[in-house]
Each structure stands twice: as C-alpha cells, then as structure tokens.
Amino acid sequence: DAMVIQNPRYQVTQFGKPVTLSCSQTLNHNVMYWYQQKSSQAPKLLFHYYDKDFNNEADTPDNFQSRRPNTSFCFLDIRSPGLGDAAMYLCATSRIGQGLAKNIQYFGAGTRLSVL
Amino acid sequence: AQSVTQPDIHITVSEGASLELRCNYSYGATPYLFWYVQSPGQGLQLLLKYFSGDTLVQGIKGFEAEFKRSQSSFNLRKPSVHWSDAAEYFCAVGAEGYSTLTFGKGTMLLVSP
Numbered sequence: 006d007a008m009v010i011q012n013p014r015y016q017v018t019q020f021g022k023p024v025t026l027s028c029s030q031t032l033n034h035n036v037m038y039w040y041q042q043k044s045s046q047a048p049k050l051l052f053h054y055y056d057k058d059f060n061n062e063a064d065t066p067d068n069f070q071s072r073r074p075n076t077s078f079c080f081l082d083i084r085s086p087g088l089g090d091a092a093m094y095l096c097a098t099s100r101i102g103q104g105l106a107k108n109i110q111y112f113g114a115g116t117r118l119s120v121l
Numbered sequence: 006a007q008s009v010t011q012p013d014i015h016i017t018v019s020e021g022a023s024l025e026l027r028c029n030y031s032y033g034a035t036p037y038l039f040w041y042v043q044s045p046g047q048g049l050q051l052l053l054k055y056f057s058g059d060t061l062v063q064g065i066k067g068f069e070a071e072f073k074r075s076q077s078s079f080n081l082r083k084p085s086v087h088w089s090d091a092a093e094y095f096c097a098v099g100a101e102g103y104s105t106l107t108f109g110k111g112t113m114l115l116v117s118p
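So the protein lines, in turn, are chains A and B. Residue numbers for the first sequence, in my numbering: 6 to 121. Residue numbers for the second sequence, in my numbering: 6 to 118.
It is possible that some hints are incorrect.
To be verified - Straight line, CA to CA, 20 Å or less: simulated PhoX-like cross-link-like pairs of lysine-lysine: (1) B/K110 <-> A/K43; (2) A/K49 <-> B/K66; (3) B/K66 <-> B/K54.
Hint data in this document are derived by calculation from the structure and do not stem from the laboratory. Remember, predicted model here, so these are calculated numbers, not experimental data.
Next up, chain A with everything else stripped away, as it sits in the complex (with noise of 0.2 Å):
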C-alpha cells in the first residue's frame, strides 16, 4: 500500500548530539511536512518543501533543518538537541495541483525522540 513511513519510530539521543529523522513517501506527492507535537498539543508545522522549494515557519528554531534529496524522501536534522526538543515530530505529505484534491495531508506514524 502506498504511505508515508517515518523511521526510526523511537529515538533516543543525548543532550546537544545531532540527530536525523526520516521520512519516505510512496504516493508521489510533491509536498512533504515536518511537524512537532509535544504532549498533549497540537502538531506544530517546522517547515515544508514543495517539491524543491524549501519553506520554513517564521519561529522554527535555526536548530531545526531538513532535506529532500529527491520527491520520497525528506529528513529532518536537529543539528543540537536540547531537553525541549523532546517531542513527536510528524510527517505529513500531500499532492498539490490544479484539479487535484485540495491539501488533503497524509500522516506517517511519527518518531518520538527522547533527549537524555
């Protein structure tokens, strides 16, 4: 069946230790998201690519970046970890274009990664 697989489903890193999340998709949509969500919260939006073209949310931390090397796959790089960065981070994907479905998000099942 075609998804959205995010991997690994748990992580665990240490306090500053960069760390790469990842997330494939086999629907061919030419948008991908990452989202946090803390406990109890609503799914946050860090940034998003659409197909190439890479935007990031006005208060996503610097510490937070992310990849797409091509339209399956994208990353997300937290390049130094803190306590707070403790979360869900979802990935979501969707297929924009004229006559398409309008925005309708695909979710993968979410990393959850732990900060020690």
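Position chain B against the provided structure of chain A, taking the given hints into account.
Here is chain B on its own, set in the frame of chain A:
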C-alpha cells in the same frame, strides 16, 4: 490569520452513547475543514473533510460532521461510540489552493464501559 478552537480538552462518553466534538474556526474566506484522529503513539488519520457542497459530510468509522457557516463551526458526531474510538481528535482548517493547515489543540475522547 486562521485559527481553530476546540473548547473541550477532554470528553468522556459511555460506550454506545452518542458523541459530539466541537470545533470553531476563524477564517476570512471559505475554509477547507478537516477532522483527524490520533491514537496513542500514532500519526494522524483523516476522518473526513469539507471543501464545498453538502454541509453534512460523512467520514470513516461512522463519523460525520456538519459545516455551519453562520456559527463558524464544524462539529464532529457519531451516533454510537465504540471503545475503540478512544483517541485524540483534531480539527484543522486550510484554505483554497496551496496552504498549510492550522490545527486545534485537540479533544481527548475517553470511552467508559
């Protein structure tokens, strides 16, 4: 700027009883509205969406929602709740064309025996 309010943080419903989760939005034009469900430790699953047309929309798992423009609401309903419906529910609003979604803070549904 668009915003979404889900006034209920937690709701407890007896199994078999009916359910209504509230969602109010603020948006200047015609909104696109969504309900997502999130089980513990999982991603978000789309329940239903409203773009235009019939204001009562049907979704998966027996859920429905009604768009009421005059009340800026998009409440989610289910006539008979099952224990497996226990999860967190998020309402979201988007706009026509290419736009990101704005989520509400979510409502946690607890189902009692």
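For each hint, the structure was consulted:
Restraint check: the Cα-Cα separation between B/K110 and A/K43 comes to about 11 Å, which is no more than 20 Å; the hinted pair holds. This hinted pair does not check out: A/K49 and B/K66 have alpha carbons roughly 26 Å apart, beyond 20 Å. Pair hint B/K66 plus B/K54 holds up; C-alpha atoms about 14 Å apart against a cutoff of 20 Å.
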